[in-house]
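> Sequence:
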Amino acid sequence: MKKSIILLTGLLLILNSCSDFLVEEPLSEITQNQYFTSPNHAYAAVNQLYRGGIQDLTYAASAYNGPKLMSGGYMSGFFDNPNYKGQEQFIVQSQSLSLNAQTSAGYLDGIWDPCYRAIARANFAIENIPVTPGLNDNEKKQLLAEAYFFRAFNYFYLVKYFGDVPLIIDTLQEDIYVARSTSKIVYEQMITDLTYASKEGDLEDLPMPKNNFRISKGAVNTLLADIYLHMSGFPVQANKYAEAATTAREIINSGNYRLIQNGNTTTNSAYNIMRTSDSEDEYMYQVEYMSGIATNGWMATYSFPTGAVSWPGQIFKFAITTEVFLPRPGLLAIYDSTEDIRIQEKQFFHSQFTYDYSNSSGTNTETRNFPTMPYLWFDQNALFTSGQQDKDFKIYRYAEVLLIAAEAIAKTEGVTAEARGYLAQVRSRASLTGKSVETVSTELAALSPNQFIEEVWKERLREFPLEFKIWEDMQRTRKIMKTNINNKGVISFIDLIGAQNTWGNTFQARDLLYPISANELQRNPNLTQNEGY
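Numbered per numbering that gives the first Met the number 0, the sequence shown spans residues 0 to 532.
Each hint should be verified, as a subset may be incorrect.
[What the hints assert, rightly or not] The calculated EDC-like cross-link candidates involving lysine to aspartate or glutamate, where the alpha carbons are at most 20 angstroms apart (straight line), are:
1. 159 with 112
2. 159 with 355
3. 345 with 355
4. 468 with 453
5. 457 with 335
Calculated directly from the structure, the hints in this document are not laboratory data.
Put together the whole structure using the sequences plus the hints.
See the structure below:
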């Protein structure tokens, strides 16, 4: 079976047995004396954490506006929604750098509310799993580790989006109007949660697909390493680079995770395997989707332009396609097309589609050209057969672990052979001319630490353009890339504050965080607004 049973049980709050798993008993309807009276309750409480929260922000609910995780791409200025951004004020305001807590309140609530719902559920599980009868010690540890992971995971995104946020770690909060805690304090709680999950959780140290799509030690440590990396940057600047390096090394040295390798044709390149396969040793954490149970809405349609559904033959099973997340020329210029596989046609992106269709005159072949669009989300079965997008969304890949390690080691130990090797593994895989890891590592040897770190940043841009990481890197480094469409592949970095985005608008300090929704400020009188809003 491609997917684990979590995808089913995550949709049900209480399961009575394997044979009657469709019988629901929602936690909201269980009395104080009923909940967590059997192991099934504990498993159900944790299983539901696999749906909701940040996972909701990967869901493509609209044909016209993408998942909330795309928001950072719009803030960066390097992605556009040219035809339908007028329907979503947040996108327009992101591009004009004029976010508004009132007019974008609904959009902001769509980030804040799911995260805090997930945190509340995690708190409920964390408090009750230890006293649930029938669970053995190993089960308790594993379930607690998963709950701690999801609590930290949701707080991580809240801090990245909003900065200081209310820190709630129990279910019996005396004050329902909780004030904001500093980002540093919230980060420290995340570290506490994930350290327990990693060291005490008895989790399997395996890629997520090999662990029945449950959270593994590798997923926990990847999140922890990423948290250390972000905590070291702006605004906290806590210098946790050594901890990031140590945590990333633990994953690497386990030997249990590996990069997808290229096949012998472009159609089975590593990047096309990422597009088509949900079961690879590179995947540290992914959000599951499955036809007929939990599909990812309109995601596949974002790989074709507006009007494609009206092309001759009307081949699409969806009624709408549009450029929801269209890369701007400045983004595409990060790649050297003579050296990088990832910018070749039908790798991460595509700009042409050829297909056959039949009509009364026989079989016809049609070729259509369009602006360069994401190909990573192209799902042939969903688009042309089933009408249901069921490819998982990958939050963390092993490539990111290697790049976290490379950056953190360079920050603390210099440009060592180890750091060069980690960056070289990612860059070599993308080499169109077949450069080996050794060759790439040698090319990096003469760089200073700062120069090398910028090479890591460049590789992050090229490796994760469609995994919604560009804005968070701009936040933590306070740098924005500069490219030239006449000199593709060459990237430099300048200070973000005071720089202009691709729309000609100037970044201010306030733009580094989203405003807190006016609705949330009205609900909680102890909240204060982010500076500048």
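> For every hint, state whether the structure bears it out.
Each hint tested on the structure:
1. Between residue 159 and residue 112, the direct Cα distance comes to roughly 15 angstroms. Compliance with the 20 angstroms bound is thereby established for this hinted pair.
2. For the proposed pair residue 159 and residue 355, the alpha carbon gap of about 46 angstroms is over 20 angstroms, so the pair is violated.
3. At most 20 angstroms may separate the alpha-carbon atoms for a hinted pair to count; residue 345 and residue 355 meet this at roughly 18 angstroms.
4. At most 20 angstroms may separate the alpha-carbon atoms for a hinted pair to count; residue 468 and residue 453 meet this at roughly 16 angstroms.
5. Note on residue 457 and residue 335: the hinted pairing holds, with a Cα-Cα distance of about 12 angstroms set against a maximum of 20 angstroms.
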